[in-house]
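Participant: Residue-level listing of the chains:
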Amino acid sequence: QKVSVEELDHLEHLALVDFRDLEGVERLQKAIQFADQLHEVNTDGVEPMDSVLEDRCLYLREDDVTEGNCTKDLLQNAREKVEEYFVAPPGNIPLPKLEEGDTFLQGS
Amino acid sequence: AVLKDGLRSQVSAALKEGQVTPTELCQRCLALIKSTKFLNAYITVAEETALKQAEESEERYKRGQPLGILDGIPIAVKDNFNTAGIETTCASNMLKGYISPYNATVVQKLLDQGAVLLGKTNLDEFAMGSGSTDGVFGPVRNPWSYSKQYKEKSVPKSHSEDEESNWVITGGSSGGSAAAVSSFTCFAALGSDTGGSTRNPAAHCGVVGLKPTYGLISRHGLIPLVNSMDVPGILTRCVDDAAVLLGSLAGHDPKDSTTIQDDFKPFELPNLTDVSKLSIGIPKEYHAPGLSSEILALWSKAANLFKNAGAKVVEVSLPHTPYSIVCYHVLCTAEVASNMARFDGLEYGHRSDKKDSTESMYAATRREGFNDVVRGRILSGNYFLLKQNYEKYFVKAQKVRRLIANDFVKVFRSGVDILLTPTTLSDAAPYTEFIQEDNRTRSAQNDILTQAANMAGLPAISVPTALSERGLPVGLQFIGRSFQEKQLLTVAKWFEKQVQFPMIQLEEVKRHDNGVFQHQKSASFS
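Protein sequence lines correspond, in order, to chains A and B.
So for the first sequence, my numbering puts the first residue at 1; every next one is plus one.
So for the second sequence, my numbering puts the first residue at 1; every next one is plus one.
Be aware that one or more of the hints could be misleading.
What the hints assert, rightly or not - Below, computed lysine-lysine pairings styled on DSS-like, alpha-carbon distance capped at 30 Å:
1) A:LYS97 <-> B:LYS265
2) B:LYS387 <-> A:LYS97
3) B:LYS96 <-> A:LYS81
4) A:LYS72 <-> B:LYS354
5) B:LYS355 <-> A:LYS72
6) B:LYS34 <-> B:LYS148
7) A:LYS72 <-> B:LYS96
8) B:LYS277 <-> B:LYS301
9) A:LYS2 <-> B:LYS387
10) B:LYS37 <-> B:LYS151
11) B:LYS410 <-> B:LYS277
12) B:LYS312 <-> B:LYS486
13) A:LYS81 <-> B:LYS354
14) A:LYS72 <-> B:LYS109
15) B:LYS109 <-> B:LYS16
16) B:LYS96 <-> B:LYS301
17) B:LYS312 <-> B:LYS284
18) B:LYS148 <-> B:LYS37
19) B:LYS255 <-> B:LYS52
20) B:LYS355 <-> A:LYS81
21) A:LYS81 <-> B:LYS255
22) B:LYS387 <-> A:LYS30
23) B:LYS497 <-> B:LYS277
24) B:LYS109 <-> B:LYS37
25) A:LYS97 <-> B:LYS392
26) A:LYS30 <-> B:LYS284
27) A:LYS2 <-> B:LYS392
28) A:LYS72 <-> B:LYS52
29) B:LYS277 <-> B:LYS37
30) B:LYS265 <-> B:LYS312
31) B:LYS265 <-> B:LYS109
32) A:LYS72 <-> B:LYS255
33) B:LYS151 <-> B:LYS486
34) B:LYS277 <-> B:LYS153
35) B:LYS265 <-> A:LYS30
36) B:LYS355 <-> A:LYS97
37) B:LYS301 <-> B:LYS410
Simulated from the structure, these hints should not be mistaken for laboratory data.
Based on the sequences and whatever the hints tell you, model everything.
Facilitator: Okay, structure coming up:
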């Protein structure tokens with residue numbers, strides 16, 4: 001079962017890790033092949049398990065403010081900031097679409 | 001020799017009686033870290049803060065008011081735990097230079113009890129791997145590579161062959177922590193365990209590696225890999241010390257909603273003498289393909305040890321064991337895809353210079369910051385989570401997870417108290433051999449005996465058992481019932497006493513340790 005160019009393109013937009021080289025695609029194919037072994041197991045009537053603690057009630061604490069006021073600490077690790085904002089480059093600019101055999105995001 | 005002592009039994013008493021001071025202890029450990037730098041176990045050594053902590057501890061001892069058994073005890077922490085003011089890198093370019101503004105809950109607990117934080121230990125990048133070979137700071141070397149026991153058994157192929165190239169891996173991903181404990185640079189270390197990352201290196205480095213029940217110890221501040229399986233791990237030189245650490249770390253944390261709310265009472269381990277009421281299960285599926293005949297023999301020997309001591313030893317079956325690796329592969333990559341999404345260069349960590357758009361900046365940042373292994377898993381994870389694949393892969397894996405967890409429930413319900421299995425398929429491989437296969441293959445091979453316990457959230461411990469024919473440590477694993485750490489550790493302690501695992505004889509260490517060399521004349525198990 002090969003991954004289509006559309007799927008690859010979609011994945012690139014979701015994962016944002018750049019795997020466009022042949023090695024990356026091969027790696028993905030192998031990973032899918034490996035995962036396909038799951039289908040050997042009969043799971044009829046079996047409920048999916050989200051957490052091993054599913055039989056317990058989640059702890060909810062009181063809705064009281066107990067900490068905060070650490071803006072300075074939190075901004076300290078950001079490279080680009082203005083006043084109390086994290087600064088990002090312009091948004092809503094989609095990554096170019098993949099063509100068959102395309103390679104962008106080459107080593108900068 | 002104090003560096004080789006057990007926490008509870010010797011060091012704590014020595015500190016209380018003033019036979020050694022916390023600053024002396026700290027200084028000796030720091031010196032040892034320097035002289036064992038070639039092991040590459042530490043990424044960051046927090047010398048100044050450690051000495052300060054040691055001084056503060058010393059003041060408390062002088063006043064006769066130590067905070068507890070951990071006061072003044074040097075410990076190391078795996079570099080995927082947040083430590084305030086100390087760099088936390090996860091052995092990745094993505095977090096190089098990242099100074100955390102807070103302490104992980106487990107780190108805070110240790111500091112609150114006066115422990116001295118020596119530094120952050122090396123690991124596979126973002127804890128993904130089973131060799132501690134894939135981090136940006138290079139691989140960790142197993143201290144046993146430099147032991148008399150290993151050197152005696154290794155036959156140099158030619159005169160020109162450098163002894164250097166013979167060194168073996170620590171296993172992973174908490175290899176740095178295991179190496180640190182094994183080489184006496186600290187008394188205990190924190191690791192993490194998602195698929196065996198604490199137990200695997202523990203087995204290869206001849207130390208005790210405890211994976212607590214999921215939900216017992218807080219994960220707040222542990223940079224997450226797989227939220228539904230991660231746990232902080234404990235590495236020590238003996239089972240009693242593991243119990244001490246467990247006692248100081250376990251318990252509900254309001255900052256981690258996945259910790260259970262039950263009251264946790266720290267315990268001392270009894271000296272079990274009568275095992276006749278115990279039922280030990282030997283899961284036949286753990287006789288996995290690739291299990292070395294040597295380890296198979298040790299496993300049998302261990303089973304017989306229990307039988308001869310009067311315990312009931314029965315063969316049991318965990319039929320879905322062969323699928324746990326595949327199941328893990330899907331669930332892990334899916335959770336990783338989600339967890340790694342936070343690394344976008346905006347709030348912390350590496351940020352690419354690319355500025356044309358948010359997405360291209362994110363993509364470039366992540367390409368520059370993550371290694372192949374991490375990127376590969378993110379990619380696969382996203383694939384399995386695509387709408388068209390979600391049911392087929394992710395939900396399917398969640399169903400298989402339930403089957404795996406149920407296997408254990410059935411076995412424990414049938415009257416078995418503890419399961420006994422090997423921890424690894426073989427002793428530690430030489431580095432040059434290990435890197436011949438890629439990370440995913442190696443992980444799939446090496447996690448096979450440890451992974452299922454994470455699937456089911458059960459507590460498990462690897463206890464050093466004997467030396468292999470190559471003079472390297474082999475550990476055996478005990479898996480217990482949920483939240484029954486006391487029983488698990490009690491049995492592990494009994495076993496530890498029976499096997500009398502030999503102490504590592506490190507020539508380099510001998511030269512730098514001022515104390516009297518303590519020889520542990522022990523009846524070796526193998």
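Participant: Does each hint fit the structure? Answer for all of them.
Facilitator: The hints, checked one at a time:
1. For the suggested pair LYS97 (chain A) and LYS265 (chain B), the alpha carbons sit about 58 Å apart, so the restraint of at most 30 Å is broken.
2. Proximity of LYS387 (chain B) to LYS97 (chain A) is assessed by CA-CA distance (about 20 Å); at most 30 Å being required, the pair is judged to hold.
3. This hinted pair checks out: LYS96 (chain B) and LYS81 (chain A) have alpha carbons roughly 19 Å apart, not beyond 30 Å.
4. Proposed proximity of LYS72 (chain A) and LYS354 (chain B) is supported: the alpha carbons are some 26 Å apart, at most 30 Å.
5. A hinted pair counts as satisfied when its Cα atoms are at most 30 Å apart, and LYS355 (chain B) with LYS72 (chain A) qualifies at roughly 25 Å.
6. At most 30 Å may separate the alpha-carbon atoms for a hinted pair to count; LYS34 (chain B) and LYS148 (chain B) meet this at roughly 20 Å.
7. This hinted pair checks out: LYS72 (chain A) and LYS96 (chain B) have alpha carbons roughly 20 Å apart, not beyond 30 Å.
8. Distance restraint check for LYS277 (chain B) and LYS301 (chain B): the Cα-Cα separation of roughly 20 Å lies within the 30 Å cut-off, and the hinted pair is therefore satisfied.
9. For the hint pairing LYS2 (chain A) with LYS387 (chain B), the CA-to-CA distance comes to about 17 Å; that is within 30 Å, so the pair holds.
10. Taken as a hint, the LYS37 (chain B) and LYS151 (chain B) pair is honoured in the structure, with Cα atoms around 19 Å apart against an allowance of 30 Å.
11. In summary, the hint linking LYS410 (chain B) to LYS277 (chain B) is supported, as the alpha carbons are separated by about 20 Å, within the 30 Å threshold.
12. A threshold of 30 Å between alpha carbons decides the hint, and for LYS312 (chain B) with LYS486 (chain B) the separation of about 19 Å falls inside it, so the pair holds.
13. For the hint linking LYS81 (chain A) to LYS354 (chain B), the alpha-carbon distance of about 16 Å falls within 30 Å, and the restraint holds.
14. Restraint check for LYS72 (chain A) and LYS109 (chain B): satisfied, since their Cα atoms lie roughly 25 Å apart, inside the 30 Å limit.
15. For the hint linking LYS109 (chain B) to LYS16 (chain B), the alpha-carbon distance of about 21 Å falls within 30 Å, and the restraint holds.
16. Between LYS96 (chain B) and LYS301 (chain B), the direct Cα distance comes to roughly 46 Å. Violation of the 30 Å bound is thereby established for this hinted pair.
17. Using a Cα cut-off of 30 Å, the hinted pair LYS312 (chain B) and LYS284 (chain B) holds, with the two alpha carbons roughly 16 Å apart.
18. This hinted pair checks out: LYS148 (chain B) and LYS37 (chain B) have alpha carbons roughly 19 Å apart, not beyond 30 Å.
19. Taking the CA atoms of LYS255 (chain B) and LYS52 (chain B), the gap is about 28 Å. The hint holds against a cut of 30 Å.
20. Note on LYS355 (chain B) and LYS81 (chain A): the hinted pairing holds, with a Cα-Cα distance of about 14 Å set against a maximum of 30 Å.
21. Taking the CA atoms of LYS81 (chain A) and LYS255 (chain B), the gap is near 28 Å; set against the 30 Å cutoff, the hint holds.
22. Among the hinted pairs, LYS387 (chain B) with LYS30 (chain A) is consistent with the structure: their alpha-carbon atoms are about 20 Å apart, no more than 30 Å.
23. Straight-line distance between C-alpha atoms of LYS497 (chain B) and LYS277 (chain B) comes to about 18 Å, which keeps the hinted pair within the 30 Å bound.
24. Of the supplied pair hints, the one linking LYS109 (chain B) and LYS37 (chain B) holds, its CA atoms being roughly 28 Å apart against a limit of 30 Å.
25. Of the supplied pair hints, the one linking LYS97 (chain A) and LYS392 (chain B) holds, its CA atoms being roughly 27 Å apart against a limit of 30 Å.
26. For the hint linking LYS30 (chain A) to LYS284 (chain B), the alpha-carbon distance of about 29 Å falls within 30 Å, and the restraint holds.
27. For the given pair, LYS2 (chain A) sits about 16 Å from LYS392 (chain B) by alpha-carbon distance, which is consistent with the 30 Å threshold.
28. Of the pairs offered as hints, the one joining LYS72 (chain A) and LYS52 (chain B) holds, with about 26 Å between alpha carbons and a cut-off of 30 Å not exceeded.
29. For the suggested pair LYS277 (chain B) and LYS37 (chain B), the alpha carbons sit about 47 Å apart, so the restraint of at most 30 Å is broken.
30. Our distance criterion of 30 Å between C-alpha atoms is met by LYS265 (chain B) and LYS312 (chain B), whose separation comes to about 29 Å.
31. For the hint pairing LYS265 (chain B) with LYS109 (chain B), the CA-to-CA distance comes to about 15 Å; that is within 30 Å, so the pair holds.
32. The straight-line distance between the Cα atoms of LYS72 (chain A) and LYS255 (chain B) is roughly 21 Å, inside the 30 Å bound, and the hint therefore holds.
33. Taken as a hint, the LYS151 (chain B) and LYS486 (chain B) pair is broken in the structure, with Cα atoms around 38 Å apart against an allowance of 30 Å.
34. At most 30 Å may separate the alpha-carbon atoms for a hinted pair to count; LYS277 (chain B) and LYS153 (chain B) exceed this at roughly 40 Å.
35. For the hint linking LYS265 (chain B) to LYS30 (chain A), the alpha-carbon distance of about 47 Å lies beyond 30 Å, and the restraint is violated.
36. Proposed proximity of LYS355 (chain B) and LYS97 (chain A) is supported: the alpha carbons are some 19 Å apart, at most 30 Å.
37. Distance check on the hinted pair: LYS301 (chain B) and LYS410 (chain B) sit about 26 Å apart at the alpha-carbon level, within 30 Å; holds.
Going down the numbered hints, you'll see the structure goes against 1, 16, 29, 33, 34, 35, while the others check out.
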